[in-house]
Amino acid sequence: MAKPRKSQTSVERRAEELDTIAAVLPIERRDELAKLLTDQDVETLRHLVNQGMGDNTLRALTSDLAYLEAWGLAATGQSLPWPAPEALLLKFVAHHLWDPQHRETDPDHGMPADVDEDLRSQSFLRSAGPHAPSTVRRRLANWSTLTRWRGFDGAFASPALKSAIRLAVRAVPRTRRRKSAKAVTGDVLAKLLATCTTDSLRDLRDRAILMVAFASGGRRRSEIAGLRSEQLTVEPPIPGDDGPSLPSLAIHLGRTKTTSGDEDDVVYLTGRPVEALNAWIVAAKIDSGSVFRAIGRWGNVSRRAIDPQSVNAIIKQRAAMAGLDPIELSAHGMRSGYLTEAANRGIPLQEAMEQSRHRSVQQASSYYNSAERRSGKAARLLA
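Per full-length UniProt numbering, the very first residue in the sequence shown carries number 1; after that it's consecutive.
Honestly, the hints are just simulated from the structure, not real lab data.
One should not assume that every hint holds.
[As the list claims (entries may be wrong)] Each pair of labels, with its calculated beta carbon distance range:
no.: 1; residue 1: V266; residue 2: G346; range: 21 to 29 Å
no.: 2; residue 1: S79; residue 2: S123; range: 41 to 49 Å
no.: 3; residue 1: V266; residue 2: G323; range: 31 to 39 Å
no.: 4; residue 1: A194; residue 2: D242; range: 21 to 29 Å
no.: 5; residue 1: I238; residue 2: T135; range: 24 to 32 Å
no.: 6; residue 1: N300; residue 2: P237; range: 30 to 38 Å
Built from N, CA and C at the ideal position, the CB exists for glycine as well.
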């Protein structure tokens with residue numbers, strides 16, 4: 001006699017529903033998201049997947065929605081109301097944009113200690129101090145987007161909210177910093193690769209990630225994490241300068257941060273990066289689907305793609321192993337490092353941009369200008 005099926009809890013049901021869109025969600029936090037998000041939140045995310053929203057956009061929405069729900073529970077004891085009243089939006093700004101000097105004399109200024117502790121215990125907060133204005137604006141923008149997708153009008157355009165943000169930003173000026181304090185140039189990359197010399201699955205995977213991310217023009221971490229076998233095309237070998245021909249591979253990028261899925265942006269790999277990628281694919285027995293996958297503690301390769309944040313974590317872990325400061329290095333350092341290295345080697349800007357797929361000449365040329373100024377005559381008047 002068959003045993004009656006045990007009824008699911010709401011959390012278990014949401015976890016299964018999140019599994020249906022796992023390809024575009026930070027799956028390592030699936031169970032945590034199932035506890036945090038409401039049934040309506042999960043249904044909204046599924047709807048956005050069915051509408052064909054870009055993977056990166058959906059990941060950002062999911063991440064911000066999880067943070068907002070966690071903050072709402074910590075700050076009010078309840079899930080977010082939809083639509084959110086203006087007072088709650090103003091509270092969000094007050095909790096995240098505050099003056100550290102004012103807080104020294106007024107402990108109640110900024111985010112309350114119990115809310116801070118709650119979010120920190122769930123790893124939603126890591127660094128001390130107020131949020132960056134850009135982070136607050138992005139989360140409010142995504143909150144507004146999710147509100148509209150639910151069929152509501154919010155108070156996001158209210159004069160009071162705009163004024164609160166403007167005054168808070170003006171009161172606490174911040175210096176804009178690069179996403180990565182240090183560019184991962186060729187010499188830095190060599191030190192990271194020197195920590196991946198064995199034939200273990202983890203070394204083979206991380207070596208392939210580092211080489212592919214850099215050589216493909218400094219690909220974004222989301223593009224590396226989301227890379228699939230179907231995007232790879234074997235190209236005819238490239239004649240070597242003084243030796244055998246070099247293997248060549250094309251990566252069809254599809255939808256990226258700056259392109260739509262209708263454009264077929266292609267970048268090419270030649271030589272060692274292709275060999276590193278092939279070594280990982282063969283060792284991990286990957287014949288379809290996600291290229292870069294998680295590896296369990298017992299050495300089992302997962303069927304699911306690694307999370308974009310894992311790419312960042314791998315770079316920082318390898319930096320620590322190489323004796324470098326992991327705080328100074330990040331996945332974005334690959335992107336800036338590729339252009340910096342290209343400038344140092346005298347590669348024309350346009351040719352480097354063809355590989356990096358930068359759309360802004362001004363942004364790409366800033367790395368070239370820095371490299372040229374550092375070694376130019378103007379900087380060596382007293383050398």
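Going through the numbered hints above, which ones does this structure break? Give me the numbers in ascending order. 2, 5
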